[in-house]
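Undergrad: Got two chains here, each in a separate frame; can you build the complex from them with the hints?
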Amino acid sequence: MSELTSEFLVITIGAILVNNFVLSKFLGICPFLGVSKKLDTALGMSGAVIFVMTLASLVSSLINQFLLTRDFVIGGRTMNLQFLQTLVFIVVIASLVQLVEIILQKVSAKLYESLGIFLPLITTNCAVLGCVVLNAKATGPLQSTWYGATIYGFCSAVGFALALVLFSSLREKLDLAQVPKAFEGTAISLVTAGILAMAFLGFSGLV
Amino acid sequence: MELKFIIISIISTGIIGVLLGVIIGVVAKAFAVEIDERIEKVEELLPGANCGGCGFAGCSAFAKAVVAEEAAPGQCPVCSGDDVANIASYLGIEAGQGEKMVALVRCSGDISNTVRSLYNGIRDCRSAVVVAGGAKGCDYGCLGFGSCANACPFGAIEMRDGLAVVHPELCVGCENCVATCPKNLIVMVPAAAEVHVYCNSPEKGAAKRQVCKTACIACRKCVKASGEEEHMLVDGFLVKTNYENPPSADLVEASACPTTALRVAGKHAANEYQGVSK
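Sequence lines, in order, name chains A and B.
Start counting the first sequence at 489; every next residue gets the next number (the working numbering).
Start counting the second sequence at 2; every next residue gets the next number (the working numbering).
Just so you know, the hints here were simulated from the structure itself, not pulled from any lab data.
Computed from a prediction, not measured in an experiment: that's the story for all the values here.
Zero decoy hints are in this set.
Not everything, but these chain A residues come out facing chain B in the computed CB check (under 8 Å):
hint: 1; residue: Ile562
hint: 2; residue: Leu569
hint: 3; residue: Leu575
hint: 4; residue: Val576
hint: 5; residue: Val579
hint: 6; residue: Val580
hint: 7; residue: Ser583
hint: 8; residue: Gln586
hint: 9; residue: Leu587
hint: 10; residue: Gln593
hint: 11; residue: Lys594
Some chain B residues judged to face chain A by a derived CB distance under 7 Å, without partners named:
hint: 12; residue: Lys5
hint: 13; residue: Phe6
hint: 14; residue: Ile17
hint: 15; residue: Leu21
hint: 16; residue: Ile25
hint: 17; residue: Val28
hint: 18; residue: Ala29
hint: 19; residue: Phe32
hint: 20; residue: Val34
In silico negatives: residues of chain A with every beta carbon more than 12 Å from chain B:
hint: 21; residue: Thr493
hint: 22; residue: Ser494
hint: 23; residue: Leu505
hint: 24; residue: Lys513
hint: 25; residue: Phe514
hint: 26; residue: Cys518
hint: 27; residue: Gly522
hint: 28; residue: Leu527
hint: 29; residue: Thr612
hint: 30; residue: Gly628
hint: 31; residue: Pro629
hint: 32; residue: Lys661
hint: 33; residue: Pro668
hint: 34; residue: Val679
hint: 35; residue: Phe688
hint: 36; residue: Ser692
All C-beta atoms, glycine included, are put in the ideal place defined by N, C-alpha and C.
Bound-form chain B, shown alone (with noise of 0.2 Å):
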């Protein structure tokens, strides 16, 4: 008796646990969404660093628009060039790469080359700027609490003395850091260029100078130093490199920059200048 009472136990668990199953396997099979096997391959491709560079969401609905024709795979900022190889010719597609940007900080003035004042709030940029524009004597300069480093997820900024310094070779251009600063002095460049001037401030050479010994105070040499070229263009009181025509490194060193305002992004990464008043 008690025998029978366990075996119909037993089969009536079965029975319901056998009838759920049949219904959710239908089921399954009546409600199936059809997913293109192609966008699951190409996201697998994809670096899934999900940084947003390409102007999606994430790596899923970047790969969701390459596969319907919507985006190119050259559009991702992180993809090496061979990736981006790989996934076009997976989908049999053009890789439509375009030019790979880096971003440049505009600004030379770290802790040592510039005046600030005290602050002792909250260490990040943002908030440190509602505080009368940032504890630092040049309005348009690096403020180095680094809210761009924090911002990157490739780790490619470096916070050296209260400056933010981009490498180069580490930055794939997701233009995280560009949208942080409130300075607005993150600017992407062709990673081609290697001369940049490292300032941003508008204002005359003599008020720079007063606040920062490391500011372009546009004088052109550099400018004088390419000859017709037109490798520099002076832009108000300030130099900026003609991306269009960039200079090769050697103008750093034939121009002679009394600030040290011009640079090259390579040695800049590598700490090889210190601030110089001539």
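Okay, chain A solo, but in the shape it has when bound (with noise of 0.2 Å):
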């Protein structure tokens, strides 16, 4: 297998179940928590971040290339503005973000509907600004391209949206059993959160 191909195997099937998001990196666990009581607004997440989460790696990955990481001489010093990426990428993401809204919402009222209570919930969204930074960390030759870090972005995505309707679907048939009064509720989600991630576990060996 050449490198770039086992490297796509790495950033594919890595980012979906060997290092999930939620369940091994524990990025984004506020909308894991916040929108899985229902399946069906999970699925309205997940979808949602699939879009926005590979939008930003498309376009944070190209800022990253061609403006943050251009080196410049000043006084005979080679600097560049890399110290500036958590800035510049939360500025891009939010108004990205905005912008898929506003234009979502001229052009298919249907696709606002079913996403658009989640849009703004993903602009501070934590697993959306680690995905953009670890491209921008990446240093393989597959993720470290444009097109490399936005599959990355895409996958990471799919990862994410695998834990939560895996989690969604859990919390739905818990809410039928009979949880002891103490565990009720939160608790036993986290209980059933962290079982989860145990079992992810056993993908480690995947790639």
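TA: What follows is the structure in structure tokens.
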């Protein structure tokens, strides 16, 4: 297998199963617990996250590649603007989500109604920022390109969606189960999330 | 040299910020969705209870329909007459107000007046009805676990001694309770009618009396007391109020209903009837 193919497998299967954003990197826990009470809302949120994370990875990696990591020389010293990464990424993601929301409202009212409430939630989601920052730090020949970063963003979001949908299905079942009084509600959800995370550890030898 | 670097960082961040701001501004203008401001105004005038009594998904959906003239403001069961008139005059359309309807629980069998068996299951009528139709001697009466009271967004249903009692002055007629009751006990009646028969069982009088002290046994005292007026209608072993021509509150006194199934709504809500077995 060539180096590129193997890295492709690492960033796709790796992002979805092995280094799952929620269950092994512990990013995006807020929506993971917040919108996982019903399968419907979980699916809506998953769709919105996949959409935004892919787009954010693309735009941010382009900005990173062509603006922030560009070296320039001042007074005989080579410098670049990489230290502005976090700041610029947050601004870019926030305005991107805003843009998508505005355009979606006009172009597809139907899609806006199903994704609309979730889009502002994602603006400050750490999973999106985390994915973008990981892209910027990546050293692999594939992931450090803009298309590799986009693939990684998409796959991370799919991993997030997988965890969210699994967890919401578990929670719907938990609603019907007889839970000891002390564990009711969030407590049993957190225990379940922990067990789910442990189950995902089983994938660790995969890539 | 260091200063120059700082200035470059500030300028480049500023440029990115301004650029994104301009892009968003331009796109927002280009893709602006025109929202009829009247919808917002009508929604403000509506009660905002989102009860669904109008048949739409909520107050905002109803406001949209009213502005599009697909619905009349009077269809909102919660709005008072003034609210409806306000909306109608704001939009310059007909109010289209219907008669105010309130919910009626057609049962007066509370715990002290009925035969019941033991039930230890989930305290919810819709669960209780699954077990042999509920743990009440009468198969048609109120189970008393308050599914309707929980469904009522306005707190108009009181659970009293195992019986759901509607307070007509609080009821807005959203019909949420009607859909909830597994016994189909709750019906909508005109708020103007005061006298109702608080019984729903079509069984024979003797059979009803064995399980409930306050059942309507169709003795027709009230029918006779109303004379030629046809205020009360006989339907098998059950008497019903004729809501086309409702009787006045005096009929309850005049007919001296032996089981007190015939009641004045306001007095029933105020708990002025005790089960009487004459």
